[in-house]
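A.B. asks: The sequence shown runs 1 to 234 under full-length UniProt numbering.
It cannot be assumed that every hint is accurate.
What the hints assert, rightly or not - Listed next, with one range per pair, are the computed distances between beta-carbon atoms: (1) S121 <-> G82: 28 to 36 Å; (2) P139 <-> Q70: 19 to 27 Å; (3) A152 <-> F80: 12 to 20 Å; (4) S145 <-> A125: 16 to 24 Å; (5) R66 <-> D133: 37 to 45 Å; (6) G169 <-> S129: 26 to 34 Å; (7) A63 <-> P139: 28 to 36 Å.
Since the hints were made in silico from the structure, they are not lab data.
Computed from a prediction, not measured in an experiment: that's the story for all the values here.
The beta-carbon is built from N, C-alpha and C at its ideal position, and this holds for glycine as well.
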Amino acid sequence: MLVDWLKADRLYGKTPFEEHSRETAEAVLNLAEQLAADCFLPHYKQAGINDAASAVVLATSEAVRRYGLQPLARLISYGFAGVDPAHMGIGPVPATRIVLERAGLHVGDLDVIESNKAFASQACAVIRSLGFDPDWVNPNGSGISLGHPAGATGAIITTKLVHELHRSGGRYGLATMCIGGGQGIAAIFERYEFSIEIDFRERTNDDKTQGRPCSGRAGFGEQEEHAQPLYLRS
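Just need the whole structure built from these sequences, with the hints factored in.
C.D. replies: Structural data, given as structure tokens:
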């Protein structure tokens, strides 16, 4: 597919392929030497412009039983956060802290982390701010290496996360990404084999403070008494 691209608000050329897929280390090093002093974010340090589609299926435990579904994971908690738009890219940090608190988990409890790499510096800042072990982050690549099709990436990294949990035998996984305007979004999933269905109506107040499992409204305040845990099928 031919894609028009712009430079200084002017049509600059056409590329018949995704711009990173044929990049080499030698070409990147040569380009770095030629860049103007004011070009602080060259293309090889940011996610590519890509086209893709993705989808996941969320279902309540009631729907799982009714339709005979085979879940892959359970949604433990999710949340959103916002920062000063001038610091766009760091939104995953407060969003991740929110979902960890709601789930009653710590960073060390996470077995796999999918943190979308919109930009190299942004990804490093998120990893350092949250104390992630880089070896556990994006084990199969992310935005810079695989591309960042806006609007599809969230479901893509969720799918990657769940399948990596099954492949590696992990229990908990985090999916998080920044959003334009300074926002951040995050969600924690549990591999289905570990999941235990709980009737929310029978939970005690002490149980609720632990934050597991969450209701479908976990991103919007207090849990509902009759909410059902959500399951993911991808």
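A.B. asks: It remains to establish, for every hint, whether it holds in the given structure.
C.D. replies: Comparing the hints with the structure gives:
For the pair S121 and G82, the beta carbons lie near 20 Å from each other, so the given range of 28 to 36 Å is not met. Take P139 and Q70: their Cβ atoms lie about 24 Å apart, and the range 19 to 27 Å holds. Hint check: A152 to F80, Cβ distance near 19 Å, so the stated range 12 to 20 Å holds. At roughly 18 Å, the beta-carbon separation of S145 and A125 lies within the given 16 to 24 Å, and the hint holds.
Checked against the given bound of 37 to 45 Å, the beta carbons of R66 and D133, roughly 40 Å apart, stay inside it. A beta carbon spacing of about 28 Å between G169 and S129 agrees with the range 26 to 34 Å that was offered as a hint. The hinted range of 28 to 36 Å is satisfied by A63 and P139, whose Cβ atoms lie roughly 31 Å apart.
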